[in-house]
Every structure is written in structure tokens, then in C-alpha cells.
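Enquirer: Here is how the chains run, residue by residue.
Protein chains: 2
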Amino acid sequence: MSAKQSALLTDLYQLTMLQAYFDEGMAETAVFEFFVRALPPGRNFLVAAGLEQVLAYLQQFRVTEKELAWLRAHGGFREPFLAALGELRFTGDVHALPEGTIFFGNEPVLRITAPIAQAQVVESRLLSLLHFSTLIASKAVRSVLAAPGKLLIDFGMRRAHGAEAGLLAARAAYVAGFSGTATVAAGIEYGIPVFGTMAHSYIEAHADEISAFKGFARSCPQNVVLLIDTYDTERAAEKVVRIAPELAREGIRVRGVRLDSGDLAAHARAVRAILDRGGLGEATIFSSGNLDEWKVRELLASGAPIDGFGIGTALDTSSDAPFLDCAYKLQEYAGVPRRKHSEGKATWPGRKQVYRHFTEDGLFERDSVNLEGALQRGMPLLAPVMRAGRRLPPAESVAESLAIARARAALQLTKLPPALRSLDPAPAPYRVDIAPPLRALAQKLDRMPH
Amino acid sequence: MSAKQSALLTDLYQLTMLQAYFDEGMAETAVFEFFVRALPPGRNFLVAAGLEQVLAYLQQFRVTEKELAWLRAHGGFREPFLAALGELRFTGDVHALPEGTIFFGNEPVLRITAPIAQAQVVESRLLSLLHFSTLIASKAVRSVLAAPGKLLIDFGMRRAHGAEAGLLAARAAYVAGFSGTATVAAGIEYGIPVFGTMAHSYIEAHADEISAFKGFARSCPQNVVLLIDTYDTERAAEKVVRIAPELAREGIRVRGVRLDSGDLAAHARAVRAILDRGGLGEATIFSSGNLDEWKVRELLASGAPIDGFGIGTALDTSSDAPFLDCAYKLQEYAGVPRRKHSEGKATWPGRKQVYRHFTEDGLFERDSVNLEGALQRGMPLLAPVMRAGRRLPPAESVAESLAIARARAALQLTKLPPALRSLDPAPAPYRVDIAPPLRALAQKLDRMPH
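Chains A and B, in that order, give the protein sequences.
Residue 270 in the working numbering sits at position 263 of the first sequence, with consecutive numbering throughout.
Residue 399 in the working numbering sits at position 392 of the second sequence, with consecutive numbering throughout.
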């Protein structure tokens with residue numbers, strides 16, 4: 008992640024367009040906005056994330072000599088353009104929703120204002136970064152809502168779609184309120200708390216569970232959370248109780264157990280009783296195994312005595328909604344608003360702002376999308392974050408900005424109307440108005456010839 | 008991708024287990040196997056991919072000094088173990104299904120035989136690599152079956168789950184039979200053909216479509232595929248016809264048009280007629296816009312005159328099945344077969360092989376999973392690919408091995424029973440037998456105490 012990102016991690020058409028703009032002498036300022044067209048089924052709101060990665064990408068954008076050589080060799084690109092491409096840096100302005108902001112469909116999440124070549128060439132990667140982190144933060148927050156106050160750990164790296172997805176999912180889940188991740192590299196990269204003890208293979212490699220439990224406890228005495236479902240969950244819990252006094256004499260406390268299969272609610276109740284009877288009332292029960300927010304909600308609703316959840320595949324792949332219908336669209340070129348009319352994909356033109364209105368109780372009431380600078384009440388949500396290619400303060404430290412984003416998400420959750428906080432679809436979606444000046448501009452553009 | 012991959016892109020529990028093994032003096036040979044438990048709904052078969060990435064990862068596995076320093080500072084790890092971790096390299100054996108092999112549930116796809124620390128610590132990343140590439144190859148092959156002989160291009164990088172997913176999806180789709188990708192970096196990394204021309208923003212940035220079309224054609228005369236749905240598809244097609252003679256006089260041929268929205272079948276028919284009437288009978292029609300294998304099948308079944316398809320989000324996220332129920336499980340330690348009993352997650356123990364049986368016509372008839380070395384007819388599918396940490400030939404060149412994998416997938420598709428070639432679920436799944444010796448071993452292990 009901190010390594011140089013290739014500027015050619017992009018679609019070829021960005022480069023063919025850039026060459027055409029170069030040949031045509033088109034170098035005016037363009038305004039592009041990133042937005043999500045409509046929320047996926049099953050989402051009442053989204054949580055913005057990934058801005059930090061976008062800004063880092065923009066700052067280090069540069070096509071290398073080696074990449075230029077590849078383009079030279081692979082046809083269609085000519086020398087004066089390639090030289091210009093080698094000089095290209097991002098010198099534009101960026102406005103964005105701060106990470107951790109709750110937002111809705113049709114609302115601009117990020118705006119780029121830059122010479123058209125710069126604004127265009129970053130499209131593919133910018134989409135990839137904002138899309139994925141926002142997707143996962145918006146998935147993770149559902150487990151946070153389903154399990155308030157519980158330990159929630161990202162277990163998903165192994166089934167995330169590749170290395171970057173595993174890392175960014177850990178970060179996005181943390182922004183949304185997860186307690187941490189199992190992924191060591193995410194801890195190193197982002198300063199997120201990292202959790203983990205043992206897998207079934209560890210238990211199986213030993214002749215019996217008791218020697219595995221004791222071996223682990225002595226090797227890792229500060230972190231004794233024992234996996235008890237490899238063979239027979241309740242019998243393993245009895246074994247934990249049996250060895251606890253011996254470990255206690257060595258100064259080792261059994262902090263908890265983990266359940267990973269079967270009827271988790273029933274096992275948790277049986278195991279809780281065994282631990283309590285055995286004097287391990289303070290030992291916690293952590294569960295994992297194909298969990299998602301629905302299963303977490305169900306387990307807690309049934310009163311299962313579970314203290315924490317490891318959520319993996321469903322989180323890191325956002326399995327019920329593995330993508331957002333998002334886009335990065337030209338809104339203005341050379342001072343003139345632009346609009347795509349394509350059927351079912353028309354966009355609202357111009358530089359826009361989201362204005363949020365609150366109830367008297369301080370809850371989100373409705374948003375209004377309007378042209379920037381319009382006479383409009385409400386709290387504007389997009390803020391400048393980069394000017395002329397330079398980041399604006401804050402965000403000197405990655406860890407600090409991550410903590411702020413996490414706090415922002417937590418605060419905004421408290422302001423969400425109750426109906427939107429449910430895992431179930433709200434009876435009515437949150438109200439997002441397209442303000443009259445914006446509608447008027449769109450109509451005007453539609454009447455122009457092309 | 009070619010950069011150093013962090014060995015700590017793994018779950019923390021791998022490291023706590025490794026320290027426990029170290030403290031307990033457990034260093035015998037372990038055998039782990041990667042397999043998919045059951046095919047996702049809607050898949051009749053899977054296509055193995057990602058082996059190349061796994062082997063590269065194993066070869067360069069090394070915990071850096073910087074990473075050791077992080078572990079030292081972040082608690083729970085002690086010096087003699089950390090020194091050993093710094094020395095750890097992968098020196099084991101690997102057996103695997105070659106990339107492009109068609110396989111089914113419960114079949115080992117890859118087997119690691121190595122000292123337990125090595126075999127354990129690579130689990131998370133190995134899973135991540137094999138899982139994702141196999142997931143995407145298995146999704147992509149469905150479009151290949153739906154559109155035989157058509158141009159199929161991966162358009163999905165922007166909504167793939169991060170950078171690595173975008174790159175690996177392009178590669179996996181190519182293995183499965185796609186023609187290429189829009190992602191430039193995938194072309195650089197893997198030598199895959201790269202395609203692309205223009206986006207709507209290019210059209211919109213111009214005062215009118217005709218100047219955009221001409222501008223692009225003159226800038227990129229070898230690659231004139233014009234996007235015609237920005238405002239009005241049929242009117243744009245008429246404009247293409249109108250400017251074609253002028254471009255032809257300049258030696259520029261309009262190779263095709265792209266449709267990206269609306270009723271693609273209806274537009275394609277109307278546009279085909281316009282192009283044909285206008286003397287552009289050789290210009291092709293390429294389509295894109297939220298496509299997947301179902302829509303491709305429907306378009307072709309309706310007789311829509313479409314020559315190629317760009318498939319993006321649905322491909323790169325495998326949107327209808329965004330993960331495989333896969334696992335990497337301990338099968339043997341210190342010469343003794345092992346088995347996890349966890350409810351609903353029990354595994355078949357021991358070192359296994361897949362034996363494929365063929366009909367008289369050469370089609371796949373059934374597979375049998377048995378212990379390696381068992382007396383068993385059929386063609387064994389797992390082959391040795393790495394011995395004592397060194398790769399076995401072939402695969403000197405990335406491009407060469409990719410071409411071979413692609414040819415293998417294409418060949419195996421011709422041997423698939425017709426019912427499995429459908430996008431619809433086959434009336435009966437392909438037959439995979441668990442051979443009697445394997446069942447007997449599992450029963451024997453179940454009777455042992457733990």
C-alpha cells in the first residue's frame with residue numbers, strides 16, 4: 008500500500024483519450040464528481056471511506072520511464088504525447104465528504120477540479136479506491152449496529168479479493184466501528200488493533216486438545232483464547248475448566264474461548280454454563296464461522312451469551328451487495344456544465360454540494376443536492392481536502408485521521424433516523440432532494456444540440 | 008504484483024501458532040490441502056487459477072527486519088522465536104491442479120507438504136490468491152460459454168475490490184478464455200491484450216459528437232471504435248456514417264462502435280442497419296454496460312448483431328457468487344492423518360489425489376477422490392509443481408504459462424458434459440466419489456480419542 012502505485016493501473020481508454028485531448032489541444036479545466044447512483048438493495052445508507060487512499064494516489068501520480076517504454080512499444084501512442092504523459096502530475100483541487108460521513112444516493116462524494124488530462128486519467132483508480140472502502144465501511148457498519156458494545160473483529164483477509172482488498176477492508180471496517188482485524192499487515196499499515204490466537208490445525212497437530220490448550224497457554228500467556236470446536240465443543244469446554252487451575256498456578260489466566268461451528272447460540276449457552284460452573288465466569292465467549300450482521304443480530308436476539316464476533320467473508324466481500332452502482336462523471340468542462348443523457352444513466356450536471364438538514368433533535372432529516380454556491384440552507388458536507396495538488400491539513404498522520412474518521416462515523420450513527428438504523432430496509436428511503444436550480448440546469452442542457 | 012509481498016499479509020493467529028510450535032518443539036512435516044467444500048449455487052464446475060501467484064509468493068516468502076521489529080514492539084512475541092521467524096523460508100513441496108483445470112467440490116486443488124511452521128504461515132495468503140483467481144476464472148468461463156467466438160473484454164478494474172483484484176481478475180478471465188482486458192497494468196504485468204478507446208466524458212467535453220468522433224479518429228487512427236450512446240444512439244450512428252467517407256479519404260477506417268446503455272439488442276439492430284446502409288458493413292458493434300453472462304446469452308439468443316462484449320463489475324466481483332466456500336486444512340502431521348470434526352465442516356483426511364474418468368467419447372464422466380498411491384484407475388489431476396522450495400519446469404516464462412493455462416481451459420471445456428456447460432444449474436451435479444479407502448480412514452480417525 009505504501010509502495011508506489013502504478014499510474015497505469017487504469018483503463019486503456021484513459022490514455023487514448025488523453026492522447027486525443029493532447030492532439031486536439033484540449034487542456035481546459037474539467038470538473039468530475041464521484042457518486043453512487045442508487046443504494047444497493049438492503050442498504051439504508053452508506054459510509055464514505057477511502058479518501059485517504061485517493062489523496063495518497065493523487066499525490067504520487069506519475070508515469071514511470073518503464074511504463075512509457077511499454078506504451079511506446081505497444082502501439083498507438085506517439086512521442087510528443089508520451090513526453091507530456093511522463094511530465095503529468097496531479098495539480099488539481101479535491102473536495103470530498105470526510106471519511107466516516109454517512110451519505111446517500113445521487114450525492115457527490117468527491118469532486119476533482121483539474122486540467123482535463125489529470126482529472127480523466129485518475130478515474131479508474133480513484134473509482135477503485137473510493138468504491139471498495141465505501142462498500143466495506145457500509146457493510147461493516149451494519150454489524151456495528153447489530154452488536155452494539157460487542158467486540159467485532161475483521162476475519163476476512165483470506166477470502167477478500169486480493170491483498171489490497173484484505174488490507175483496505177480491515178481499515179474500512181475499523182472506520183465503521185469494528186474493534187480491529189486479524190490481518191497483521193493491516194495493523195502495521197494503519198495502526199489498527201490486531202487479534203488472533205489459533206486455528207483448528209493447531210489443535211489437530213497435537214495428540215489431544217488438552218496438550219494443545221496447555222501448549223498455547225504457556226507460549227502465549229497474555230492471549231489465552233482457546234478454540235474449542237475442533238472435535239466436541241462442550242467436552243472441550245470441560246477440558247478448559249479442568250486445566251484452568253493448573254494454568255492459574257502458573258499465573259496464566261484463560262481469557263476466553265472461541266466457537267467456530269454448529270449451533271452457536273446453543274453451544275454458547277452450554278459453554279457459558281460450563282465455564283461459570285468451573286469458576287471461569289470472567290472468561291469470554293467469542294464466535295466466528297460464516298457470520299454476517301443477520302446472524303449476529305439473530306444470535307444476540309436469542310440471548311446467546313456471546314461477547315464478540317469474528318466476521319470474515321461476508322464483510323470483506325460485502326457478499327450480499329458486492330458492488331456499488333457508482334460513477335465518476337464529467338460535470339463541467341471549460342466552464343460549461345456537461346451532462347450525459349444515456350438511457351438510465353443520466354447525470355446531474357455542474358459543480359454540486361450536499362446540504363444536510365437536521366431535525367430539532369439533531370437527527371438527519373433530509374439532504375438537498377444543489378449547485379455549489381446556490382442560496383441554500385443546511386450544512387454543506389463536501390469540504391476542500393486538496394488544493395493545487397497539495398493536501399490541506401488535517402491528516403498529517405495516518406493513524407490520527409483514521410481515528411477521526413472512526414469517531415465521525417460513530418457520531419453520525421447516533422444522528423441517523425431510527426428507521427435507517429435497522430438491518431431491514433427502511434419503510435421509506437432517506438429524503439434526498441435535487442434542488443430546483445440543478446433541475447433547471449439539466450433541462451437547459453438537454454435542450455442544447457450535440 | 009511483482010513487488011515484494013509482505014509475509015505478514017496473514018492472520019495474527021498464524022504467528023501465535025508458530026510461536027507455540029516453536030516453544031513446544033513441534034517441527035514435523037505437515038500436509039495441508041486447499042479445496043472448495045461445495046460449489047456456489049449457480050456453478051456447475053470451477054476453473055483452477057492463481058497457482059502462478061501462489062508459487063511466486065512461496066518463493067519469496069520472508070519476514071523482513073522491519074516486520075520483525077513491529078512484532079517485537081507489539082507484544083506477545085519473544086526473541087528466540089522472532090529470530091527463527093526471520094530465517095523462515097518456504098522449503099516444502101507443492102502439488103496442484105495446473106491452472107485452467109476444471110474441477111469440482113471436495114477435490115484437493117493444491118497440497119503443501121512442509122515443516123508445519125512453513126505450511127501454516129502461508130495459509131492466509133495462499134487462500135487469498137487461489138480463492139480469488141479461481142473465483143474469477145470460474146465466473147469468466149460462463150461468459151465464454153455464453154458467447155462462443157465473440158470478443159470478450161474484461162472491463163472490471165474500477166469496481167474490482169482493489170488493485171490486486173483488478174489485475175488478477177484480468178489474468179483469470181484471460182485464462183478462462185476472455186480476449187483481453189481494458190486494464191493497462193494487466194497488459195504490462197501478464198502480457199494480456201489490452202483494449203480501449205473512449206468514455207462518455209470524452210464525447211461530452213467536445214461541443215458536439217462529430218468533433219469528438221473526428222478528433223479521436225485522427226488521434227488514434229488504428230483504433231477507431233466510437234462510443235455512440237452519450238446522447239442519442241441512432242443519431243450518433245448516423246453521424247458515424249456521415250463522417251466515415253471523409254475519414255476514409257484520410258486513410259482512417261471506422262472499425263466499430265460501442266453501445267453502453269439502453270436496450271442493447273434494439274439499438275444494435277438499428278445501428279447495424281444504419282451502418283450497413285451507410286457502407287460500413289465491416290464495422291463491428293461492441294456492447295457494454297452492466298453486462299453479465301445471462302445478459303450476453305439473452306442478447307445473442309435474441310439475434311442481436313453484437314460482435315463483442317465488455318464485461319466489468321459482474322465479472323471482477325463475481326457478483327452472483329462473490330466467494331467460494333474454500334479451505335486450507337491440515338490433513339497429516341508427523342506422518343499421521345488428521346481430521347477436523349467440527350459440525351458441518353468435517354474434512355477428508357490424508358494426502359489425496361483426484362482421479363478423473365472419461366466416457367468413450369472423451370468427456371469427463373466422474374472423478375474419484377482417493378488417498379494418494381491408492382490402487383485407483385483414472386487420470387490423476389494433481390501434479391508436482393514445487394519441490395523443496397524450488398519450482399519444477401515448465402513455467403520459465405509468465406506469458407508462456409498463461410498461454411498454456413488458457414489453452415488447457417479451452418480444451419477442458421470441450422470435454423465437459425453438455426449439461427454442465429449451461430449457465431443454468433445442471434439437472435444433477437457432476438459425480439465426485441469419495442473412494443472407500445478414504446472413507447475408511449476418516450471413520451478410523453473419528454474413533455480415536457482427542
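FYI, nobody ran anything at the bench for these hints, they're computed from the structure.
One should not assume that every hint holds.
[Claimed, not checked] Sample of chain B residues facing chain A (criterion: CB under 8 Å; computed from the structure):
1) E72
2) E74
3) L75
4) L95
5) A172
6) G203
7) N230
8) Y340
[Stated by the list, open to error] To spell it out: a stretch of chain B is covered by chain A in this simulated footprint if at least three of its residues, at any positions, have a beta carbon under 8 Å from a beta carbon of chain A; those stretches are:
9) 16–23
10) 381–391
Ideal Cβ placement from N, Cα and C applies to all residues, glycine included.
Enquirer: None of the hints should be skipped; say for each whether it holds.
Expert: Going down the list of hints, with the structure as the test:
Below 8 Å, beta-carbon pairs count as interface contacts, and B:E72 has none with chain A, the closest being about 13 Å; its hint is therefore violated. Because the closest C-beta pair between B:E74 and chain A is about 7 Å apart, less than 8 Å, the hint holds. For the restraint placing B:L75 at the interface with chain A, the shortest Cβ-Cβ distance is roughly 11 Å, beyond the 8 Å limit, so the hint is violated. Hint status for B:L95 relative to chain A: violated, with the closest Cβ pair at about 14 Å, above 8 Å.
A distance limit of 8 Å between C-beta atoms decides the matter here; for B:A172 the minimum to chain A is near 4 Å, and the interface restraint holds. Proximity of B:G203 to chain A holds as hinted, the smallest CB-CB distance being about 3 Å (cut-off 8 Å). The interface hint given for B:N230 holds, since its Cβ lies 6 Å from the closest Cβ of chain A, which is under the 8 Å cut-off. Interface hint status for B:Y340: upheld, as the beta-carbon distance to the closest one in chain A is roughly 4 Å, under 8 Å.
Counting residues of the region 16–23 of chain B whose beta carbon lies closer than 8 Å to any beta carbon of chain A gives 8, which reaches the threshold of three, so the coverage claim holds. Counting residues of the region 381–391 of chain B whose CB falls under 8 Å from any CB of chain A gives 0; the rule of at least 3 is not met.
In this structure, the earlier hints numbered 1, 3, 4, 10 are contradicted, and the remaining ones agree with it.
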